[in-house]
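Take the sequences, apply the hints, and build the full model.
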Amino acid sequence: MANVKRSPWILHYDGSSCNGCDIEVLASMTPVYDAERLGVENTGDPMQADIFLITGGINSQNASVVKQLYDQMPRPKVVVAVGICACTGGVFKDAYNILGGADTVIPVDIYVPGCAARPQSIIDGIIRARDLFQKRSEEHDALMKKKNLERRQA
Amino acid sequence: MGKKSVIPFGPQHPVLPEPIHLDLVVEDEVVEEAIPNIGFIHRGLEGLAEKKDFNEMVYVAERTCGICSFGHGMGYCEAVEKLMNVEVPERAKYLRTIWMEFSRMHSHLLWLGLTADAFGFESLFYECWRIREWVLDIMEKTTGGRIIFSVNQVGGVHRDLDEDQIRFMKGELDRIERDLKNCEKTLFEDATVQKRTRGIGVLSKQQIHDLGAVGPFARASGLKYDMRMTGYEAYGNLDFEPVISDEGDCYARILVRTKEIYQSIRLIRQALDQMPAGELSVPVKGMPKGEAMVRVEQPRGEAVYYVNGENTRFLNRFRIRTPTFANLPGLCQMLQGANYADVGILVVSIDPCISCTER
Ligand code: SF4
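These protein sequence lines map, in sequence, to chains X and U.
Heads up: the first sequence is residues 3 to 156, going by my numbering.
Heads up: the second sequence is residues 4 to 362, going by my numbering.
Here chain X is said to cover these stretches of chain U; the calculated rule only asks that three of the stretch's residues, wherever they fall, bring their Cβ under 8 angstroms from a Cβ of chain X:
id, region
1, 34-48
2, 67-77
3, 149-159
If you are wondering where the hints come from, they were derived from the structure by calculation, not from laboratory data.
No residue lacks a Cβ here, since even glycine has one placed at the ideal position from N, Cα and C.
This is the structure in structure tokens:
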């Protein structure tokens, strides 16, 4: 873990979940599972968040909310879909108001299966998200550097 | 005189993991009116009854809400059993009662934590959730699931408890009781808790009655109203008296819910001792026909289940009236004239479960 340079913050939004996955996300932040030891923190503000944890499927009313939250997050960002509902729609797939998993409106990077997803697998998802975030930040930095250089030369 | 402004609360809000949206009309930090706007988690769960076999539907019913999941499954099963005149074996009734009370404990502990978090008492939040993990461990060891157990079936339950598990449960209950006692001093006496909850959001018994509130929210205002008194499942054989308090403020709600955790511990101990041996389920023959309604006391209050079948594999109609829905008018009443800073704690104090309200 010594090479971790950043501590990404997490934004958690409950799409149309049954609450099961939400409380497991919360449980994985509390001392017993303690995801915060990985340097992440739960925040309520999308503008400060780097990782978007979404639980539950997308329905017609929250589609715009999810999109908005995603757009408000600064680049680079990583999206984790927690629970089978957020992955595909799960048990509610056939319900009339469910459009599908989170990837119907936003690009999802990491899928955490389970109904409800266990804290262990959520933490695994967070670790992968953190690594991906690290990679993307480096790419982002390199890109910015290049752009700045070009601007200066021009 | 200040200017009136409308402040949106939610849908994504730090105080609750679930999306609830309130439009708060505020004048000088005082809330004049609260207009709830729900529908963000509507999935159309009841509609699934037409697409899933009535036996399969149990699993969908359980996913109405992840916190009182067991209760929803049980309520649904009871309704279908009533419709089909199935008598559940005694042992299954006791097992359902035991698991129901465990889910009540986990729900109340979760709520105590969230309440502490709503007024910024992080360490108390973590402490409650630490105790809650033990309840979840018991659930996992006995049913295989942490929060969604899937042990109910129409006609009984899937799983049994053996001697080892019963001994384990009893030992853990002692441990939970002991740790909760430690926590209790902070919950009841700490200055922070008192400042943020005493005299906040007071509703009288009459108001609660008129607004049709249910559950611990109603009992905290002195209304003795608990579906467990009707004696469904094994409650009729257990020594049970609802917990009430007269103050009707947020503090009383903490008090009532904490005492209910102890009560659940007592109920489980009794049920474990009295549980008879025998079958776990009876075979169910035929198809559901006619209509039936049952009422079940969920951690958040009375829930009503209605089923209607027309002699086919699929139910015609399945309907739930959830406790939070009944408590929302009470919440709007409390929010009128409240300080803006208290909105978070007031919303949490009814223990809102949005995902069952919107299904
Ligand atoms: S995956 Fe299961 S537990 Fe999670 S939100 Fe969906 S139904 Fe609930």
